[in-house]
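J.: Line by line, the protein sequences give chains B, R, G and F. If you want my numbering, it's the position in the first sequence, counting the first as 1, plus 20. If you want my numbering, it's the position in the second sequence, counting the first as 1, plus 20. If you want my numbering, it's the position in the third sequence, counting the first as 1, plus 20. If you want my numbering, it's the position in the fourth sequence, counting the first as 1, plus 20.
Calculated directly from the structure, the hints in this document are not laboratory data. Beta carbons are placed, not taken as given, at the ideal position from N, Cα and C, and that holds for glycine. Do not take every clue at face value.
[Stated by the list, open to error] Pairs of lysine-lysine residues, derived as DSS-like cross-links and limited to a Cα-Cα distance of at most 25 Å, are as follows:
hint, chain 1, residue 1, chain 2, residue 2
1, F, K304, F, K62
2, B, K408, B, K438
3, F, K375, R, K85
4, B, K251, F, K251
5, R, K251, G, K273
[Claimed, not checked] A few chain G residues facing chain R, derived, Cβ under 10 Å:
hint, residue
6, M21
7, T25
8, L232
9, E250
10, V401
[Stated by the list, open to error] Here are some chain R residues pointing at chain G (derived, C-beta under 10 Å):
hint, residue
11, D22
12, K23
13, N24
14, T25
15, Q47
16, L232
17, E250
18, Q257
19, V291
20, C293
21, L373
22, Q412
23, V418
24, I428
Number of protein chains: 4
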Amino acid sequence: MDKNTFAPTPPMGWNSYDYYDTTVNEQQVKANADYMAAHLKKFGWEYVVVDIQWYAHGAGSMRDKFQYIPFSQLEMDDYSRLMPDPTRFPSAANGAGFAPLAAYVHSLGLKFGIHIMRGIPRIAAHHHAPIFNSTATADQVADPTSICGWNPDMYGVRNTPEGQAYYDSLLSLYASWGVDFIKCDDICNTSLYRENQYSAAHEIEMLHRAILKCGRPIVLSLSPGPALIEKAWHYQQNANMWRITDDFWDNWKQLEDMFHRCELWQNSISVGCYPDCDMLALGKLGKGFSNEHDTHFTFEEQQTMMSLWCLFGSPLMLGAELTLLDEKTLSLITNRDILEMLPAVCRPRQICLTKNHAIWAAYNSATNKAYFALFNLSDSVFDVSVCKSELQAALASVGMQSSLPEQIALQELWSTEKADFLQPMFTATIPAHGCRVYRFEV
Amino acid sequence: MDKNTFAPTPPMGWNSYDYYDTTVNEQQVKANADYMAAHLKKFGWEYVVVDIQWYAHGAGSMRDKFQYIPFSQLEMDDYSRLMPDPTRFPSAANGAGFAPLAAYVHSLGLKFGIHIMRGIPRIAAHHHAPIFNSTATADQVADPTSICGWNPDMYGVRNTPEGQAYYDSLLSLYASWGVDFIKCDDICNTSLYRENQYSAAHEIEMLHRAILKCGRPIVLSLSPGPALIEKAWHYQQNANMWRITDDFWDNWKQLEDMFHRCELWQNSISVGCYPDCDMLALGKLGKGFSNEHDTHFTFEEQQTMMSLWCLFGSPLMLGAELTLLDEKTLSLITNRDILEMLPAVCRPRQICLTKNHAIWAAYNSATNKAYFALFNLSDSVFDVSVCKSELQAALASVGMQSSLPEQIALQELWSTEKADFLQPMFTATIPAHGCRVYRFEV
Amino acid sequence: MDKNTFAPTPPMGWNSYDYYDTTVNEQQVKANADYMAAHLKKFGWEYVVVDIQWYAHGAGSMRDKFQYIPFSQLEMDDYSRLMPDPTRFPSAANGAGFAPLAAYVHSLGLKFGIHIMRGIPRIAAHHHAPIFNSTATADQVADPTSICGWNPDMYGVRNTPEGQAYYDSLLSLYASWGVDFIKCDDICNTSLYRENQYSAAHEIEMLHRAILKCGRPIVLSLSPGPALIEKAWHYQQNANMWRITDDFWDNWKQLEDMFHRCELWQNSISVGCYPDCDMLALGKLGKGFSNEHDTHFTFEEQQTMMSLWCLFGSPLMLGAELTLLDEKTLSLITNRDILEMLPAVCRPRQICLTKNHAIWAAYNSATNKAYFALFNLSDSVFDVSVCKSELQAALASVGMQSSLPEQIALQELWSTEKADFLQPMFTATIPAHGCRVYRFEV
Amino acid sequence: MDKNTFAPTPPMGWNSYDYYDTTVNEQQVKANADYMAAHLKKFGWEYVVVDIQWYAHGAGSMRDKFQYIPFSQLEMDDYSRLMPDPTRFPSAANGAGFAPLAAYVHSLGLKFGIHIMRGIPRIAAHHHAPIFNSTATADQVADPTSICGWNPDMYGVRNTPEGQAYYDSLLSLYASWGVDFIKCDDICNTSLYRENQYSAAHEIEMLHRAILKCGRPIVLSLSPGPALIEKAWHYQQNANMWRITDDFWDNWKQLEDMFHRCELWQNSISVGCYPDCDMLALGKLGKGFSNEHDTHFTFEEQQTMMSLWCLFGSPLMLGAELTLLDEKTLSLITNRDILEMLPAVCRPRQICLTKNHAIWAAYNSATNKAYFALFNLSDSVFDVSVCKSELQAALASVGMQSSLPEQIALQELWSTEKADFLQPMFTATIPAHGCRVYRFEV
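Whenever a hint applies, use it, and build me the whole structure from the sequences.
T.: Here is the structure:
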């Protein structure tokens, strides 16, 4: 098995975190899956992902003091493996785990994903609990010095055969449930130890090995970022996607910063290997954080976000509560012209990045279509210009063999308006924080 | 109560770690106390300190893999407080704790000390165990992100009234046992977090407050080093001694390095406030580490160590198994001339430090005696010289009011030989790694 | 010669920088000296210091672009030594240097100081200019990789006999002029090289040696800060004062920060060794910076500054143009009660420092007087309290032998009001950023 | 002009540094060019590069003390531009510069390159020398705080129109000489400032702009390394090659380390954009360093070096004195099978890297040939194995569309021996530090 075949294009889906925080339940997951099947599936959206602490009793009940309640009760099987809290996920009762919910999602023609924290439950280690299919016990597998800086549930796993046995037992269980996607947290950048932010490299490898062994093509997503550019090869070898920022939310500063992240990672995108810009913070957000609100992004900013994520080729995970989507937001995530830039075969290339603007190009050798996007990063209307020579050089560097003609017939992908690129420079007047995305045939 | 009055001179005693590691038992502690009372007490030695993991069952039983066995069983009372392992400390059975052993040590005219790890037992937090005299439980007191990088037993304590209640309950228990000295570990420099090596500052303050409240003048010693020079005032406000290096052992490189540490800390010594050079690695060492041996230091190096520790004013804690002391080693630690430099009133001052040599002076305004020591740091016999003008300047800077006379009558304190300091320079021929310490009347 | 005898108390004087920047001239220096002799000398003020670039032609003429004009013309003698620009200092013409101006200052009963940049003029190195009393030339003395990050005039000097010869020639010249005080810049913290901020340690030593050789007791002041606490001993061995901050100006944030600096350095003050809080930014300031203004400090903040500098024992250098001093400012710098805390024998000790307040104590064993100061660091009126037990402990730690009595009769030094300290706590209501300083007999 | 077209394949040539240090002269350059034309040109070798300090009088004459003599005399034209020292380059006399030597090299069908230090001569700045075609003078262009940490000749250039004018004047001159290749030093990583190792980013851009303006397709090579991976895009935008290590010499430790560098940079290779492993340290080396010797690399190590450089796609610059090449060395650099892996279209991919071995694959979509190389990094004979599944995944990730067949017919490129790759693993026994490189048709 080659893990790059598990996700031939950047995964598209929905994730429960941005709206529900730690509190999502079975009914809510199903409602979002239903919506996706009915309205989004035909545009490529397919993953339904249950995010953090589905195993924690009382998750979210002390939200004023803790996001993750220290030393709280966790649902766990007899083999040190966390199980869904049956209060929130009734179908998981009696050891069924997420199998029923996964089956439901599959029945809609969608895929099912879960979040995990790297490691083994702390309480299992303290209780010397058994490991499935192994003579080892959890205290032998857990590394007492390897903790997460922001979540109290787990200890890291030692780089030993016993540790591998634990991860194998985990993936075997998840595969039996029908899990298609795992978002593993506290592993892409273990920021607790500033001098070794890649302290869990061996756990990434162990997860990868366990996936290959389990026989199910489970997509592996690593969190949180920022991923370390000097470890690009290691991510590419072992995972399908890795977060290039810390948690992304609906504020302009973070969106602006994403341009720098994309500059950094543009060379490290290939089929099955996706630097991840994080969830799309649009629509209704924040209920589980006691802060339910419509995205703080302006519509122009939302277009900028969608354009950058798609042109760059990031995985797309919707943060919005789907059942509350309005028409305008829906139009953003169902624009087939924009979405067609997503696959890795459509290779992106930054042309420039200044305080006031960014320019990107992309070229798809399969379709022989070229794209460029002009972004206004300034706080007022601004003319953004690109030279034909720069565009030529950028497209050549991502595989375009021919030369650009004298006159290029452009189509803008948000407005569908036509335009002509004449020598030597093309200029667009763009609102604050907005963008224009042009496509042409080569 | 002013904690500076608890230790008017640098504490002198014995510590179980260098010989026993985690394994010392009651009989061994008593044997060392007996020896101290019989042979060393009259020279000022008085503290008997039981070092790390006296509460851990099976401590040392997996020494090939772990110094501290992860998730092992710890003796604990009903209030989240660790108790002596009764297998090793039979008198501690039935909740007596260290009271009987402390009483024995006191009966010899000596003082009794224990080692603790900062924090609250991890297992107590996971079990939501009660806190004495408080409605809080251990899970509310423990900080799940605050761990020790090298010992798996504890969680750090939150900076809250509940956290203070826990430390108060601890000190109340120790005071009831008759503890005179606490060496708290993982607190002076919490090296796990490289970007915040002083992450337990609040626990130092909480310990200090708990000591003042407990009514017993318990000396507070902080480990491990290196202490942070920029926190000198904070150590001075809250503790009696703090380690200025990581664990010190019997190798020349570490002893040589101590000269740099002493340079750094020489301004921060005062009554009740002692930068600590760590245990004296002489005599028999290492049995608990499966490495029983006579100190690797040459006799000259041992003289250098004793001279530096005393002139600098470091606490003196013997690492040797006392019952196995030989005559030569005994002579080193019972030299009253050398020991008289120890008190803070005898203020030290470095004159120079190069790759090959170090020179220190000291002046005691109470006795009007002055000292200087010449150290040969090179690997062969070497002439070390000091100028009278340098010596004058150094002694003046630590309080000598008068001018040095034309001719100074010196006594060397190890050999008791006499010598004369004539203008402009005094030179001694010193063996490799050795020293000469001179005293004169001002 | 012991350099600690050159400045038995913290130097007090005036420095041209804060008002004139690089532009001060002979007449202006004399006018300030005249004022000092007439009005301030009797309170202890005595140094008149000409600050940076007295050797630069056209200094200040491109102030909109450069503080220090790159590659500008510098007045230099035949031996690579900078000389005063005769346009600004007419008496320096014909090689007289600062001798005439120094003589004028001396005639007023005051002392004369100059600023220098460490190193040798870059242009001298490029021209292979000679060194006085040496066969070496400037290119052999200059280190082409050692530059100042903010001033373009000099190269650092190599740690060689030829380098020492250059510094000897410099000090010999300055001594012949009658210089009493040298403020050397780019030497206390050579911030250009972040990984080695003490890159000019050898030049500090060379300057110290050259001063001892020159036969004149020239006070050595090192700039800029922040001085490195881990080099405290080295500063103490070689210099009389060293800056503990970068340039200090009249804004509250910097004044507030000085409390942290003083906490850091309080252990490293002794006769002849003074951590330096920098110039007193009061009165008229900033003319040479095209920003002439009255100090931005409120009167309360000015009292806080004077109180901290004096209690801590910092050198006092007036930044104000003296001829423009008003009565209120004059009262601040001529308060004998406040100034009497200045000498090192009056040892300071911080009692506490929080976001809202600071408390310091001091004890003078020579006079048996004790002091404590309460500072309100918050932005509104605030009650600041000190416990008697804290005060007792703090004073004991700086040499007070006796115990505080039941009732202490206090005098506040700014208002001269009386008060009583009764058990267990003394409280004062203090305006924002203000202070109260109390004295009592022990 | 698109700079990526200037070097459609990684440049191959000879550089004077490794053999001559700073001392190479015209005759020696010609002799090497002659050899190249006669023996190497037909294999693709074409650049003849004169390395550092061709402008310095007396270069190398104080080699015991300085590699680069501080403040020495530099040949310079009237416009602040350095010129070849006519003593060593007689044809450069009378302002001819390198035009005659370039013409000679061109006459052999080869290309001519020179080394420069970024910046403007320090002496020009101190003398306010003119800039060609500009009213600015050198003091206005030079940044006095921007120096090189290891070479004393230059100041960095300010990011201003005047600075651009200087670089334009420089490239205009070099283009008029017929220069084809510039290796610019102290620019890829300006290590002097540890906290800003990319301090000359603007000078890279200015050089790039000046090249585009000068009308000649001059290849731009940046030194020294290590290049900063987070700046990959910026290098790609502005330069043709950039050093990924500090100076590479003939010791195994550095060669072993190169595998880590290649891991890091493998995603950032494209046509016209080449991460540079530095000169090939083989043949006779070191004469100018007073250390003439045959490469210290074993023959196996030399094969490893050639294999890695070619498979990775590094530029190839010979460090050897060409006229002294022996047959065996010649065979290494004229192996067409190995050299055919060089072009960027042959995309490399690391499969694994451990302490003991490394495995790389490469795929050329133009020829449909695949390669893999097994490297033994251990110090003894070692069996290195690769799995077919790993190889399949690696080749797929660099563009191979098909699946590997059951049986693959391999040819080893150094020995020309045949072998078969059967399921599931292929193993070769390889001498210490040696390699095997296999090619097969897809």
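J.: When the structure is checked against the list of hints, which entries are broken? Sort them ascending.
T.: 10, 15, 24
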